[in-house]
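Protein chains: 2
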Amino acid sequence: MNALVTDLYELTMAYAYWKNGMAGLDAAFSVNFRENPFRGGFTIACGLAPAIEFLESLRFDAEALAYLSSLKGNDGGPLFADGFLAYLGDLTFTCDVDAIPEGTVVFPHEPLLRVTGPILQAQIVESAILNLLNFQSLIATKAARVVLAARGDRVVEFGLRRAHGFDGALSASRAAFIGGCSATSHVLAGQVFDMPVAGTLAHSFIMAFDDERAAFEAYADAMPNNAILLVDTYNTIDGVHRAIEVGRKLRERGHTLAGIRIDSGDLAYLSIEARRLLDVAGFEDTSITASNDLDESLIESLKEQGARVDVWGVGTRLVTAWDQPALGGVYKLNAIRGRGGEWEPRIKLSEQFAKTSNPGLLRARRYAVDGEYIGDAIYDETQPPRNGDVTIIDPIDPIRRKTLPRSAEQEELLIPILRQGRRLQDLPRPAAIRDRVQSQLARFHPSIKRFMNAHRYPAGLEENLHHRKTELIRKIRGDETR
Amino acid sequence: MNALVTDLYELTMAYAYWKNGMAGLDAAFSVNFRENPFRGGFTIACGLAPAIEFLESLRFDAEALAYLSSLKGNDGGPLFADGFLAYLGDLTFTCDVDAIPEGTVVFPHEPLLRVTGPILQAQIVESAILNLLNFQSLIATKAARVVLAARGDRVVEFGLRRAHGFDGALSASRAAFIGGCSATSHVLAGQVFDMPVAGTLAHSFIMAFDDERAAFEAYADAMPNNAILLVDTYNTIDGVHRAIEVGRKLRERGHTLAGIRIDSGDLAYLSIEARRLLDVAGFEDTSITASNDLDESLIESLKEQGARVDVWGVGTRLVTAWDQPALGGVYKLNAIRGRGGEWEPRIKLSEQFAKTSNPGLLRARRYAVDGEYIGDAIYDETQPPRNGDVTIIDPIDPIRRKTLPRSAEQEELLIPILRQGRRLQDLPRPAAIRDRVQSQLARFHPSIKRFMNAHRYPAGLEENLHHRKTELIRKIRGDETR
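Same order as they appear, the protein sequences are chains R and V. Under the working numbering, the residues of the first sequence are numbered 1 to 482, in order. Under the working numbering, the residues of the second sequence are numbered 1 to 482, in order.
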């Protein structure tokens, strides 16, 4: 993959490390975000497989090097020395990567992915890793919310035309499927990720015929067992009646009208009425698809109004994550290996305390009682939690504490993925990751899954890490006031 | 380009056209949107060149056909007949395309791009065309707004880490540059689109050193004329003082401190104070870059507070179009060629009148007086405006009318791009399109460019088209009530 998928400052910093003889200095970075998106109570980790593929194939090819050598500084001279470009030309990614598996439910401040190794390499991959994890986690989370709202109905992702570029569409389709969608309308995504594809019919097809009946008949003739007829081009209820007529003709020929779709108007009223008309005519198996700027709130409201929808077609508001189109994941330096070989924790202060980073070789452990998850401890692997009760402290609001009992089941959230750049195991396919999302969500209390005032799941700093962080802050602040 | 970048229903409709012997029926489709994004008064057309590249290279290759032949219907049989797949395998794009050039200021309801030709071909390219035009027009518009807010200061796009996938980033960088940004941080975008790249320094670099001074010195040593020092890792004002010390050492060696960057805190106060300190120390030429979740509103507010910023680094909120992450552009069938060869207008009704489409072979003409644009007329090319005063009528609110005087200068907005699939001319490069945006914006009254309560520029249906549309609606409604 093209190593130029990076911000220029990653390369100028790399250049400065190289010039100062620090390229090989061992560093530990990790990715975390500060708030669950959509004012929700959880986030779905997604995007790891593409990130790992990027890292494994990281190369500066001849074309990339030629481009970098063409860049000029303010003095008109080359921005980068030739020796540095030669160094980049020989570079492959040899860091260690540990990460929380895709499809895991995760929370603010947890290290989603950790890179440990030569600082130059670990730095230049920041932009690409953040791009992939931020976007796919955002969309997988949105999809999981929409699927929760649909309470068992199928959700199909229809977003290609409003997604952010071809790849914005492709990766949104992947993440939406992982988050729980049943299928995508995007044919290439179906091919690339081995996911089911689905589709209905557009208004233009209806309009290309002299009338709706002729259009329905032509479409049903072409695919007598697969026709989903769009009934709202002119008048929705009339359209349902016409679809039923076409369905009767199909039935006489031994076929089944697959479904109808409603794309405008009062979806609650129209779906209830359409269901009634279909059932009265004996079309109990004909499905109703609804679409039109749907999201989790609208679906929740329509369900409460008794809408009779079998398939929810969700596009724009899913693939753009309409109400919050970015997850603010960051990639922070957590530790540097000193001359003696020991790891020195590093911290970034901020006037906004929520933006202060957590120091150390970060890991996270999840605790469960009777199968239900009760809390996560973020800790420094050089000082792991002792074999006793563990107290966790909220990183933003230290008054919020919780004790996780020693008797709880424990699982490590980060697993080793790359060692010196080599993959330790195959990564799961989207269908398996999708299953993981559902089995994960089932283990959390419903209160974190509601849309209004979601419960804050306890994910905090293990006590030792909290104290170490507090000391570091005090030390830096003390240095300042001297 | 891969023809599978499409929604499945485009292919099932194509299949039905093919099976019904209608694949070659001539149709006219066009793209339009219904509202300017961001509650603004204008939109920048963008994405045409990638859309045309997609159309020119449209092919169903062997792998695509193999995938399509693997798709099953509800009865377990193949979804598509082999004869249809063979037809797709031979297909190239032979339609005519007319479009408004990239970088043009456009308005709701105007036909941005028109496809005329065999309905099967014109239909299957819908999803890809909408994806490209919707997203790039959205981002170019956002960038134009940010650049207007910056009132002549440079704006650099920093969005890679929060954009929607690698290509979401790449195409956002292109559109942001076209909209008026001076440079991007995304190195690959710089290479691919021949745009300037720019960058500063991250907090991690500062934290990798024992203290801020050591980090500044190492960075400045590596690139003595190009160093932009990030001053807010620990304490911003202290950071400015340290940057000045490093700047003095650079000056002793004949170099210039290029700039500083502030990424947190009160950007108005800190930039004013930093400017004062830099000026007092004789660093009048050292620039100040500001960043931190900026958008046009925040920049406007900071400018009003007297912020002394030379370069605005804008990321997340630009490349995700944070406050409206999709432009709702649609692709509608406007006309079908009848058996006698004449074009028959088609219309889609909707319970939401704003969603009712406009019929005919659509074009648009822009009128200017003394160089300033005063109104646009959308018309049917089979009934062009007469050589007299032209009345335009708002498509949503027919009480809003305006007369464009016969004495006004006139220009056609849509130009021919493809004829039977062949390109008539080279399309401009991003730098030329970027110039067009600025020269276009200069010709509109400031009232359409303000952020609050922007003026609604008159872009309406030419009288004949309005009457034809009204008749068509009456006819369909009449049929319904019979």
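If you are wondering where the hints come from, they were derived from the structure by calculation, not from laboratory data. Just so we're clear, the structure is a prediction, and the values are computed from it rather than from any experiment. One thing to keep in mind: the hints can contain errors.
Below are the DSSO-like pairs computed for lysine-lysine, each with C-alpha atoms no more than 30 Å apart in a straight line [what the hints assert, rightly or not]:
id : chain 1 : residue 1 : chain 2 : residue 2
1  : V       : Lys19     : R       : Lys249
2  : R       : Lys449    : R       : Lys402
3  : V       : Lys249    : R       : Lys475
4  : V       : Lys449    : V       : Lys402
5  : R       : Lys355    : R       : Lys449
6  : V       : Lys402    : V       : Lys355
7  : V       : Lys402    : R       : Lys355
8  : V       : Lys249    : R       : Lys72
9  : R       : Lys249    : V       : Lys475
10 : V       : Lys475    : V       : Lys402
11 : V       : Lys249    : R       : Lys19
12 : V       : Lys249    : R       : Lys249
13 : V       : Lys355    : V       : Lys249
14 : V       : Lys303    : V       : Lys449
15 : V       : Lys19     : V       : Lys72
16 : R       : Lys355    : R       : Lys402
17 : V       : Lys355    : R       : Lys303
18 : R       : Lys449    : R       : Lys303
19 : R       : Lys19     : R       : Lys72
20 : R       : Lys355    : R       : Lys475
21 : V       : Lys449    : V       : Lys355
22 : R       : Lys303    : R       : Lys402
Here's how the hints hold up against the structure:
Using a Cα cut-off of 30 Å, the hinted pair Lys19/V and Lys249/R holds, with the two alpha carbons roughly 18 Å apart. Distance restraint check for Lys449/R and Lys402/R: the Cα-Cα separation of roughly 20 Å lies within the 30 Å cut-off, and the hinted pair is therefore satisfied. Restraint check: the Cα-Cα separation between Lys249/V and Lys475/R comes to about 28 Å, which is no more than 30 Å; the hinted pair holds. Using a Cα cut-off of 30 Å, the hinted pair Lys449/V and Lys402/V holds, with the two alpha carbons roughly 20 Å apart.
For the suggested pair Lys355/R and Lys449/R, the alpha carbons sit about 25 Å apart, so the restraint of at most 30 Å is met. About 22 Å separates the Cα atoms of Lys402/V and Lys355/V, which keeps this hinted pair within 30 Å; it holds. Simply put, Lys402/V and Lys355/R have alpha-carbon atoms about 53 Å apart, too far for the 30 Å limit, and the pair is violated. Proximity of Lys249/V to Lys72/R is assessed by CA-CA distance (about 23 Å); at most 30 Å being required, the pair is judged to hold.
Taken as a hint, the Lys249/R and Lys475/V pair is honoured in the structure, with Cα atoms around 28 Å apart against an allowance of 30 Å. Annotation: proposed proximity of Lys475/V to Lys402/V holds, straight-line Cα distance about 27 Å (limit 30 Å). For the suggested pair Lys249/V and Lys19/R, the alpha carbons sit about 18 Å apart, so the restraint of at most 30 Å is met. Restraint check: the Cα-Cα separation between Lys249/V and Lys249/R comes to about 88 Å, which exceeds 30 Å; the hinted pair is violated.
About 64 Å separates the Cα atoms of Lys355/V and Lys249/V, which puts this hinted pair outside 30 Å; it is violated. With a C-alpha separation of about 17 Å, the suggested pairing of Lys303/V with Lys449/V holds against the 30 Å cut-off. Between Lys19/V and Lys72/V, the direct Cα distance comes to roughly 18 Å. Compliance with the 30 Å bound is thereby established for this hinted pair. Distance restraint check for Lys355/R and Lys402/R: the Cα-Cα separation of roughly 22 Å lies within the 30 Å cut-off, and the hinted pair is therefore satisfied.
A distance of roughly 25 Å separates the Cα atoms of Lys355/V and Lys303/R; the hinted pair therefore holds under the 30 Å criterion. Of the pairs offered as hints, the one joining Lys449/R and Lys303/R holds, with about 17 Å between alpha carbons and a cut-off of 30 Å not exceeded. For a cut-off of 30 Å, the pair hint linking Lys19/R to Lys72/R stands: about 18 Å separates their Cα positions. A C-alpha spacing of about 18 Å is found between Lys355/R and Lys475/R, which places the hinted pair at or below 30 Å, so the restraint holds.
Our distance criterion of 30 Å between C-alpha atoms is met by Lys449/V and Lys355/V, whose separation comes to about 25 Å. A C-alpha spacing of about 37 Å is found between Lys303/R and Lys402/R, which places the hinted pair above 30 Å, so the restraint is violated.
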